[in-house]
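As they're listed, the protein sequences go chains A and R. All the letters of the first sequence, read from the start, carry residue numbers 1 to 344 under my numbering. All the letters of the second sequence, read from the start, carry residue numbers 345 to 684 under my numbering.
Warning: the hint list may mix true and false statements.
[What the hints assert, rightly or not] Distance windows between CB atoms, simulated:
(1) A/GLN319 / R/VAL361: 37 to 45 Å
(2) R/LEU457 / A/GLN319: 24 to 32 Å
(3) A/LYS274 / R/TYR502: 13 to 21 Å
(4) A/ASN85 / R/GLY539: 52 to 60 Å
(5) A/LYS203 / R/PHE368: 57 to 65 Å
Don't read these hints as lab results, they were simulated from the structure. All C-beta atoms, glycine included, are put in the ideal place defined by N, C-alpha and C.
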Amino acid sequence: MTQKDESKLLADRRTILKSMALGSAALTGAATGLMAGIDPVTGVVGFSAARADERVKMAFLQIQPHTVSAGWSKGIEEVLSTQQNVDYTQLDGQNKVEVQVSLMDTLINNDTKVIFLQPSDSVALAPSIKKAKRKGIIVITLNIDATEAHAAHVEMNHYYGAMEIAKVMGDKLGGKGDVAILNAPPGIIIRDQRTNGFVDGLKKYHPEIRVVADQVADWSRKKAQDVLSTILAANPNLAGVYGVNDSMALGAVDVAKEKGLLGKMVIFGNDGEKDALASIEAGELTGTQYTDVFQQGRFAAAAATVLTSGLVTAKAFEQQGKLLMPFVIATKDTVGQIQPSQRW
Amino acid sequence: MRVQSAFIAVVLFFLAVLAFFCVFAPNFATASNFEDLMAGFSFIAILAIGESFPILLRGIDLSVGATLALAGMVAFDLTLMFDVPGYVAIPITLAVATLCGAVNGALIVKLRLQPFIATLSTLAAYRGLVYAISGRQLVPELSTTPLSDPWIMGLDTYFDIGSATGLSSLIELPWVPLSFFIMIATLVVFGVMLGRTRFGRDIYTVGGNAEAARLAGINVGRTIIIAYAICGFCAGLGALLMIARLSTTTESLGMGMEMSAIAAAVIGGVSLSGGIGGLAGPVIGTFLLGMVLIGLTLLGISQFVQQILTGVILLIAVGHDRFLAVRRQKRLAANLAEEA
């Protein structure tokens, strides 16, 4: 029931009170009418009854269609489809930040209760998140955090996962050698988290390993091939490569194959997509950090459902919630424990 | 200037689409939705206005998106890396963008390159330059620092016209973003330039027939360079409005936006065969594409349909343009035959 309805109701009651004799029954009725909007603890009958059959709109706004976001969406949908009263849509940001911002505006205007967001830039989407928050909309970011605090953030364990990668990779290298990082473009917090985790991990476990190159390969397999070829020309003794996502690591595998370095170079990726796991099983890619993205989507949807059914709005948060996903460092020895149904 | 039939067609189509979404799309006919439309597409409309100039000359500028990114990065670097105040950074940004456009024009005129090839090369070059000068890569902590310059961030202001005029007591009106007014001002200034000045007449003459224009004593080279410079200037203006809205810039800013600008111009009745069209059409074309994106999203229609539909609208516009061009040629041939 909206405020307007309530005040109209109250006004109606006043006229009734004026025109008719005062009765205790009428007074009680007016009191109940007043209480309905006020008492948040008991969740007065009139209020929650109006909410019970209301459809709740939730949307997932991705950067652009990708295996990771498709996996999240599947997990989200699994949980939300059983809730009966949720309308879920998936939107495509077309890999353009201005499109993502416009779609955020549209979702806000369309009374969406929960927005699952994979921001294409941690800063550029901050004004949109702020706007959503003002309207009480719950924003849950997936993987890429934003500089504006919001309801919750569910991420692959970027920092500690990359640290673990550094440890396992260093073990495979025998604790020494030169390595290169194929990195994401700047402006995305995940880039810093993974890079810092990897570098800190090397410092902690394998201080003799040197990072000789850290270059942007735009998340892309093709770009990674070009970038690594250039790096190899300058560093012919390169012993290891860390791609901050699997596509870039697989690009490195392509180069290693072409130059006959397969087996000599230790190559690690991050994320754990199906192709990367298959490549590990084929003995090409050395390893990756595997996260169950279906599960990640389910967790995000679970958080959203609990918050909305509990009538918690974005204004009620004291600070941003954060959930780190469990992970496995998948190598030839461990990849077998990842079930077919968990592969994405 | 005679109102073109392609322009009337786009206005009618725009109104039809507007009416359709107002009736069928939930929450479309709301003040906040129109506010979102104005805020989200005014800067693209400015780009489309700029893009109309090369197209009127039977050329094209593929580099507007990259120019926009370069301008955005210049403004970002100046204010965040060098602490240059916005009132200095804004004119420098616009000058850089204008220069980018002028370089396109110079390549076409002096090296006699095809506009498509020239601007395809500068697209790559300007985009590369963005990465090279990116303050977000040179100073890593800046990648997560929002812009704070009051002059630039002030461009993301909204005006409550409804309250100011007292109309809001009658109807809920959208708050109008400053970017919308800047877009209207751009439209008026360049519209007058195109319709009322000698330079404007030269543009139409050169676009219609460059050889005839040269023989008539028009400085064709200068006209072309100025037209591309205007296109660059508009990209710079769009960049400033966009980074104010995003509170930052990115290296990939404006990627693919040349396609939106060209599509909007063509849908708005600017003929790809040159010499025909105005600037109001491209603005309407931009908002038409914006309405399609938002309207279909509100209708809950699949994320891919919007892109397909944009393609179909563009195809219809180009087909219509082609149809009109063929008809003009036939008429001309008939007239010539009569005279003979």
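Okay, the hints, checked on the actual structure:
1. A/GLN319 / R/VAL361: 37 to 45 Å: holds (43 Å)
2. R/LEU457 / A/GLN319: 24 to 32 Å: For A/GLN319 against R/LEU457, whose Cβ atoms are near 56 Å apart, the range 24 to 32 Å is violated.
3. A/LYS274 / R/TYR502: 13 to 21 Å: Taking Cβ atoms as reference, A/LYS274 and R/TYR502 lie about 46 Å apart, which means the hint is violated.
4. A/ASN85 / R/GLY539: 52 to 60 Å: holds (56 Å)
5. A/LYS203 / R/PHE368: 57 to 65 Å: holds (59 Å)
Hints 2 and 3 from the list above are not met by this structure, while the remaining hints are.
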